[in-house]
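Peer 1: Start from the sequences and build out the full structure, keeping to the hints where you can.
Note that our numbering gives residue 162 to position 99 of the sequence shown, counting from 1, and the numbers run on in steps of one.
Quick caveat, the hints were computed from the structure, so don't treat them as lab data.
This one's a predicted model, so the numbers in the text were calculated from it and none came from an experiment.
Any given hint might turn out to be false.
[Stated by the list, open to error] In silico lysine to aspartate or glutamate, DMTMM-like type, Cα no more than 25 Å apart, as pairs:
hint, residue 1, residue 2
1, K191, E121
2, K124, D101
3, K124, E209
4, K138, D101
5, K124, D159
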Amino acid sequence: AVQRNAAAPKDFKRRIPEPVVVVVGVNGHPARALLDTDSLADFISTKLAHQLGIQTFELAKPLPVHLAVQGSRAKINLGCKIQFIYQSVSEMRYFDVVNLLNYDLIMGTPFLFQHCVTIGLNPTSVVKVGSDAARLIEGQRVRTLESRATDV
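Peer 2: What follows is the structure, given as structure tokens:
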């Protein structure tokens with residue numbers, strides 16, 4: 064018989080670096096945001112949107128959330144625009160609304176790209192925000208994600 068134990072951790076303890084978490088402003092309130100270089104969108108937690116009374120709107124087509132973990136079937140059904148502040152950035156910004164566990168927001172590659180953010184990992188830090196105004200998402204290394212939802 065074949066055993067599938069290649070991914071089983073051998074030890075219960077691991078030393079890991081702290082993730083890059085910053086305090087940002089959301090409609091005038093402080094919030095915890097994870098800076099995530101692997102996220103293809105910017106997210107706000109359902110809980111924070113509800114607590115702050117943020118007006119959300121339903122998306123024309125639900126978008127699947129793709130995680131590194133196989134079998135995830137979460138979908139994005141709502142979006143919102145908020146007044147977002149971080150360092151020298153102050154703008155109305157779009158966020159997908161999802162159930163987040165440990166953070167109020169996840170700032171993904173759209174935010175990092177548009178504001179030319181430089182992140183340091185040892186030590187964990189935001190080195191600089193290179194652009195106060197959001198730049199267009201364009202260039203050779205840019206692609207378009209489309210919903211795979213079908214019209215019924």
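Peer 1: For every hint, state whether the structure bears it out.
Peer 2: These are the hints, each one checked on the structure:
1. K191 to E121: With Cα atoms ~34 Å apart, K191 and E121 exceed 25 Å; violated.
2. K124 to D101: holds (23 Å)
3. K124 to E209: holds (10 Å)
4. K138 to D101: holds (18 Å)
5. K124 to D159: holds (12 Å)
Checked against the numbered hints given earlier, the structure breaks only hint 1 and satisfies all the rest.
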